[in-house]
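There are 2 protein chains.
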Amino acid sequence: MSSRLVVIGLGPGNPDQITPEASRAVAEASHFYGYKPYLDRLELRPDQTRVASDNREEISRSNAALEMAASGHKVAMVSGGDPGVFAMAAAVCEAIEAGPKEWRDIELAVIPGVTAMLAVAARVGAPLGHDFCAINLSDNLKPWDLVERRMVAVAQAGFVISLYNPISKARPWQLGSAFETLRNHLPETTPVIFGRAAGRPDERIEIVTLGEAVADMADMATCVVIGSPETRLIERDGKPPLVYTPRFSTGVAK
Amino acid sequence: MSSRLVVIGLGPGNPDQITPEASRAVAEASHFYGYKPYLDRLELRPDQTRVASDNREEISRSNAALEMAASGHKVAMVSGGDPGVFAMAAAVCEAIEAGPKEWRDIELAVIPGVTAMLAVAARVGAPLGHDFCAINLSDNLKPWDLVERRMVAVAQAGFVISLYNPISKARPWQLGSAFETLRNHLPETTPVIFGRAAGRPDERIEIVTLGEAVADMADMATCVVIGSPETRLIERDGKPPLVYTPRFSTGVAK
Chain A
1 MSSRLVVIGL
11 GPGNPDQITP
21 EASRAVAEAS
31 HFYGYKPYLD
41 RLELRPDQTR
51 VASDNREEIS
61 RSNAALEMAA
71 SGHKVAMVSG
81 GDPGVFAMAA
91 AVCEAIEAGP
101 KEWRDIELAV
111 IPGVTAMLAV
121 AARVGAPLGH
131 DFCAINLSDN
141 LKPWDLVERR
151 MVAVAQAGFV
161 ISLYNPISKA
171 RPWQLGSAFE
181 TLRNHLPETT
191 PVIFGRAAGR
201 PDERIEIVTL
211 GEAVADMADM
221 ATCVVIGSPE
231 TRLIERDGKP
241 PLVYTPRFST
251 GVAK
Chain B
1 MSSRLVVIGL
11 GPGNPDQITP
21 EASRAVAEAS
31 HFYGYKPYLD
41 RLELRPDQTR
51 VASDNREEIS
61 RSNAALEMAA
71 SGHKVAMVSG
81 GDPGVFAMAA
91 AVCEAIEAGP
101 KEWRDIELAV
111 IPGVTAMLAV
121 AARVGAPLGH
131 DFCAINLSDN
141 LKPWDLVERR
151 MVAVAQAGFV
161 ISLYNPISKA
171 RPWQLGSAFE
181 TLRNHLPETT
191 PVIFGRAAGR
201 PDERIEIVTL
211 GEAVADMADM
221 ATCVVIGSPE
231 TRLIERDGKP
241 PLVYTPRFST
251 GVAK
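From first to last, the protein sequence lines are chains A and B.
The opening position of the first sequence corresponds to residue 1 in UniProt numbering, with each subsequent residue numbered one higher.
The opening position of the second sequence corresponds to residue 1 in UniProt numbering, with each subsequent residue numbered one higher.
No lab work stands behind these hints, which were simulated from the structure alone.
The structure displayed is predicted, hence computed values, not measured ones.
Just so you know, not all the hints are guaranteed correct.
Because identical chains cannot be distinguished in the list, a pair is counted as satisfied if it fits within a single copy or across any two copies.
[Said to hold, decoys possible] Simulated pairs of lysine-lysine, DSSO-like, Cα-Cα distance not exceeding 30 Å:
| id | residue 1 | residue 2 |
| --- | --- | --- |
| 1 | Lys74 | Lys239 |
| 2 | Lys101 | Lys239 |
| 3 | Lys101 | Lys142 |
| 4 | Lys169 | Lys74 |
| 5 | Lys239 | Lys36 |
Let the sequences and hints guide you as you build the complete structure.
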């Protein structure tokens, strides 16, 4: 059976950060599914079909793509960043598990990409140079108190923290609450990076302290990276500071 | 002053996973520094110079590259994967902070890449589909008890855990000890992925349970991904199972 679904990571948005593997997968597919802004990044040929959908429709989108693949087409599901990080690869797996048994025969391939926190980190130095974690700040699919418990656990343990999906119209207060929580467990001087649209023309990178961080510095396109107590700034004349987390740790800080 | 140092991420090893941005940075540099196996991935021109160094020489390598950049050359430091994840970007920042003030005038650019855990995750489904962390298992630069405390904190909090640098000749017992520790905090049935050389001709991907995981399933080229209590397997006829972590969580499991 030749049915095939490939889940493609398009990277942070700069076309120069799309891997050749991803570009070839785009060239080889006939039917494209995805959130409209990601599909809009592609220049498809007239013989390629696109089915755009809205945000938060991940399961119905996955079902539609799997049905199309099961009927013998070469189908692509596109994601920004890496498809395995808070994106479509998990939604497709959920749909396969819940769907008809035939869907398990579909050849599924996932093409990795540069995820947002890596692109943001690259713009400021090396804030992820030591142990780090990634938390989806959305509480659409998990209770908020779980998000809070996780932030406290990793802040206390000395991880750098990347927050994905920090804010949206439907979730206006969560990021501010996250900063409040983190201020109870990290120094006010901890560097915080607001990395918006890294590598794109509308990029905006801001470096502040945790004491200064407020929610409206972020929007839906922002990845927020919060340092550990060991994250450092290197001041430079006429340039933004470098932010980095040393590779070594004494472990003395709690 | 035109001195420039670019720290380039070459991705997991498959040439198709090198971004065009990284390829262009390689084409534009004149002097290359790096760990020899990473330099060996490049096809340099006769006018390009390479200075290979051994593992664990990150600071002397950074100093040499910064000196060459400060003298006006276009210098590249190459890393496997993403240079910001347990790789050369942090070492270069450490060297800049400790070095002569002129080094802060060097134009520093970091080119992100696909880091190992993303490439490994892509080969099996979507194990990083929910909150996750990355821990450098090497205790060369941090005390082992800190590594253990961090593993316990994130296992208890429900993060998927990616272990980088799991084992080497100089560090033979740490990975086995890590599995022992994690078995005290996670179900024996938790999926564990040994992802060796993902995307390369010598790739080897093994999926076992935490109860079955032993250290000699890994080598220096392996990234080990340990699921959370919510990570699931989808069995398939005639194909390896899919491993994924659902996007949702009830938060009931501790």
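Exercise. Between the shortest in-copy and the shortest cross-copy C-alpha distance, which are at most 30 Å for lysine 169 and lysine 74: within, between, both, or neither?
Worked result: Answer is neither: 35 Å inside a copy and 45 Å across each miss the 30 Å cutoff.
Exercise. Within a copy, between copies, both or neither: where do lysine 101 and lysine 239 come within 30 Å Cα-Cα?
Worked result: Between copies only: 14 Å across chains, 57 Å inside a chain, cut-off 30 Å.
Exercise. Are the CA atoms of lysine 74 and lysine 239 at most 30 Å apart within a copy, between copies, both, or neither?
Worked result: The answer is between: 19 Å across copies meets 30 Å, while 48 Å in one copy does not.
Exercise. Quick one: lysine 239 to lysine 36, C-alpha cut-off 30 Å, is that within a copy, between copies, both, or neither?
Worked result: neither (36 Å within a copy, 32 Å between copies)
For this session: Since the copies are identical, ignore which copy is meant and state whether lysine 101 and lysine 142 lie within 30 Å (CA to CA) inside a copy, between copies, both or neither.
Result: Only inside one copy: lysine 101 and lysine 142 sit 28 Å apart there, 48 Å across copies, limit 30 Å.
Going through the hint list in order, the structure does not satisfy hints 4 and 5.
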